[in-house]
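Colleague: Working from the sequences, and respecting the hints, build out all of it.
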Amino acid sequence: MTPLKHILRSIMISIWFMFLTFPLMVVYINPLNYTVTWRWKNMIMVGIGTFFASFFWRRFQNRTVGNNDKPSLGQKTLNHIYTSPEISRMLLGVLILFTLSFPFIFSTYQTNVFTTALMYVVLGLGLNIVVGLAGLLDLGYVAFYAVGAYSYALLNHHFGVGFWVALPLGALVAAFFGILLGIPVLRLRGDYLAIVTLGFGEIIRLILENWDKVFFGPSGISNISRPAFFGVELVEKSIPHAIKYMYYLVLLLVLFTIFFVNRLKNSRIGRAWIALREDEIACQAMGINKMRTKLTAFALGATWAGMVGVIFAAKTTFINPASFTFMESAIILSIVVLGGMGSIPGVILGAFFLVLLPEYFRTLGDYRMLAFGASMVIMMVFRPQGLISHIRTKYNFNAKEPLA
Amino acid sequence: MKTYSKTFASMVFIAILALSLFACSKTEQEDVKDVATQKTDTPEIKTDVKPDMAQGDTIKLGVAGAHSGELASYGLPTVNAVTIVVDNINKHGGILGKQIELFVEDDVCKPEVATNTATKLVTDKVVAVIGHICSGATKAALNIYKDANLICMSPSATNTDLTLSGEYPNFFRTISHDAAQAKLQVDFALSKLHVKKVAILHDKGDYGKGSATLAKQFFEESGKVEIVLFEGVTPGAVDYSAIVQKVKYNGADLVVWGGYHPEASRIVKQMRVKKMDTLMIGSDGLKDESFINTAGEYAEGVYVSGPLDTSKNPLYINAIEEHKAKYGEEPGAFYFNAYAATLALTNAIEKSGSTDYAAVSHALKTEYVDTPIGKISFDEHGDAIGAGFTMYQVTNGAFKEVE
Amino acid sequence: MDNLQVELQYFLELFLGGLTKGSIYALIALGYTMVYGIIELINFAHGEIYMIGAFTALIIATVLNIMGVNHAALVLLLSAGGAVVYASAYGYTVEKIAYSPLRNAPRLSPLISAIGMSIFLQNYVLLAQTSNFLPFPKLIPEFEFLEPISHIMGSSEFTIICTTSVIMVLLTILIKFTKIGKAMRATAQDKSMALLLGINVNHVISFTFIIGSALAAVGGVLIGSQMGQINFYIGFIAGIKAFTAAVLGGIGSIPGAVLGGLVLGWTESFGTGYISSDYEDVFAFTLLVLILIFKPSGILGRNTSQKV
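Chains as they are written, first to last, in the working numbering: chain G, 1 to 404; chain W, 1 to 403; chain Z, 1 to 308.
Not one of these hints is a red herring.
Under 10 Å between C-beta atoms, here's a sample of chain W residues computed to sit facing chain G:
no.	residue
1	141
2	161
3	204
4	206
5	209
6	210
Pair ranges (Cβ atoms, derived):
no.	chain 1	residue 1	chain 2	residue 2	range
7	Z	69	G	214	55 to 61 Å
8	Z	152	W	223	34 to 40 Å
9	G	61	Z	189	26 to 32 Å
10	Z	5	W	388	44 to 50 Å
11	W	393	Z	11	31 to 37 Å
12	G	263	Z	11	57 to 63 Å
13	W	403	G	160	48 to 54 Å
14	W	317	G	252	58 to 64 Å
15	W	401	Z	286	44 to 50 Å
16	Z	77	W	330	32 to 38 Å
17	Z	286	W	289	37 to 43 Å
18	W	223	Z	162	46 to 52 Å
The set of hints was computed from the structure by calculation and includes no laboratory data. Don't be surprised by glycine CBs; every beta carbon is placed ideally from N, CA and C.
Modeller: This is how it looks when you write it as structure tokens:
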């Protein structure tokens, strides 16, 4: 296209957007005392803004389309880092130092925010098992998170059960619920599964909300104990210490999860999941037990959610059903997809992106969530395969070797 | 080995990204403070504060609550109130010879965000916090304030346990608790309205269900009425006709509503459209002009319990004028409670001569202070003495106190 | 005898209440189902389109009112017409920005884009207008012939039920007998084949979004008048319910969406009436799970055999 055409096109687009935003952004009504304010300035701003934005939009879009087949420079450097052990070892050292010293460098608030981000890393990795590996779209993942949190809260409230006992228990209960959900929905595929899991998530939340006698209803459960240190209650129970301790605890869980999920991916069951995701029928023909494979995916995914749930309850020391809404599931799913489905570093990056962004967008004040929604759309449009897409392991069959 | 190094490498990559993100955010973070104070304090405070005062030697006050999202309209008036009071104090030389600096933080009324907010305020070394707005968020944040020996004073959290359970000695509030309000509603319904059958509805929320449960308990204790219905409705649902029909079917003379105004105005509208003359009582969640505005003619005759009418109080009139002068509109929900809270807190700091927790806490419980909601002090639980509730009825599009 | 009459009337009231509620779900569900049928995308931003439709109608009606236009029919026509035009424009634009660049992307990417769009549009309306509930003007006139039964069925309920029925009939005709309808069905079945036959697939998809959004706007105007107030958040809950209805009926099927909406409306209404409104949504979702267990592709969904 010639520059003139570009400009004409952008003018058309900006006119369209001025029309589009006219009633909502220009007209400001007050239906109570019957007054209208006309904010023409907004219209001019929209016009100018979209005029320039459309240039960038087209430019970037052309680039994503054009570069689809050959790896970009960034991809190449990434691959280089991937494959070069020297660089990776050096960077690893930096990373270890950084993460370990984090709470001592930065303020308690920063540590707290980072702990939250790390919790979402684990949640993302857990959901990645279900969605990324096994290809089962789960929109009710938050239910298992809630199950974990409430298991600990209730056990702690009634029987004074400590954090370390509750952690495996919460995981176990969540896994049980995972199977409970898994059994009836085994026959469903694709988006039917999505809506049923969404329904399941809502049902769990509504039960928590309405069954006061057991779950204390919307007023929630307060005064949940923070974790003890190897069976010893921390002598100094000040908040900064507790937050630091929590940070290391979650960090440990993240490392454990990365290790576990990574091993799992290349295990027998992991390969079965990937095969199932690609082609169910072929999979069954190869003798993979579809039911058991799917159920393990649900159960294992739920296990991580349950564990993070326990940690969540211990971290906030107060829980109520308001923390476990559908939006939470949507955010966790976004972490997985935005980061790059099936890719562990992708999910980690996605979690940092989606958790830290709204927190640091506080600078933008009221525009915080607007920018958050827009960045989700933009990320997807320009990197549809996620931030770091999963690199498939290729197995080469060398035909020259004689077949035995 | 190869897979390992790959994982490591990817982790490193992430760390770098996180670092860079963090590096950016770190500087941003420092801006946040400025922006937050600027935005809410408006430029005036900047000019008032003497340059040498602004640095370090200030008394830091936190303001927390819902400043965005669905419940923002309940949280923002508090920010306005605190800003106005603090501006006045700063203009007259501050307290204890120091200027007051505000730290305004949003908690969206969510418990998990509230803990972040609270940690941030503790890290910022504030001496006390005005907030939070919602009871759930307040509960979550209080544990953190308690450990840090910070006084937290809410203008709006009415959950009974916050004070009466005795778990939070650092908590104060300038609004009566739900139990006092429910008791008032029940007594009013029994003595003035002479109802026989009562339907209690709520919005399944912390505040709504809490106050509805208390009302139910007091009705049951009285033994004079039959509770025909105790149910929650889903906030934001497209239609409430089924529950309204159920109220009618059960022959209730009175609907007690626990919750906020949007659902209440729809329920009362549906009842009137269905030609039902069932009475309705709501709590202070309805004592908001928006209720009358959205329900319009259907709001007529609805009873609402709310804070005592102090509109003749000169401080009250003054507070309205100040708000109009500064923001060009009438103040919103809990404005006067927040105004009173700020006055009480700053007065206590002044009288005790320090920002020490024990001293300020003692001063709050012993000193009386004149506020727009009356002359108040605090009892041993942290509830305001002198701030009570009374019943109103919507008459001709306005809340009129019931004699 | 008296008792029986009371019971019968209660039943009838619940039935009609469920019918009204179901009709609204159906109107929004139609948009979901059409979009899904064509590009297999759960369009989470659809609820927001409905909300924008309602807001546009409110704004136009208020402006007209201030300008002194008092003719009820004219106000209704202009505000509903404006809502439909604007909602369609938004639907079209959302598709162009957030979904069409993702035509060949992994299946879940458009879904996340849709969630982002939903968050964006909600906050856009919140910032451009207000977070408070605004009273929605009475656009639907009171019908005199309904006066004797107004305690059972008011004019807004009556209008909602009638409009939904008419729209469903029109939509069926559009899809079954018109050229664009045929193109839509062809695109839904096989996109590349449709392309080979000279159908402009992009136009068909845009058209689907426009029709779906227009229907959502009609739903927005109707529910706005029924509820009497709107705010920026109403789209979210209605959207989830409508999506449930679409799946319940068999996603991709037009009569299925309507049936799904009605079944959902009745379940909630009777569930509230005879059991408890505490668990209103639990009934709805439990029914969904049960139906899908026995009929995995919804009530009227085609049982497509898996291709190998």
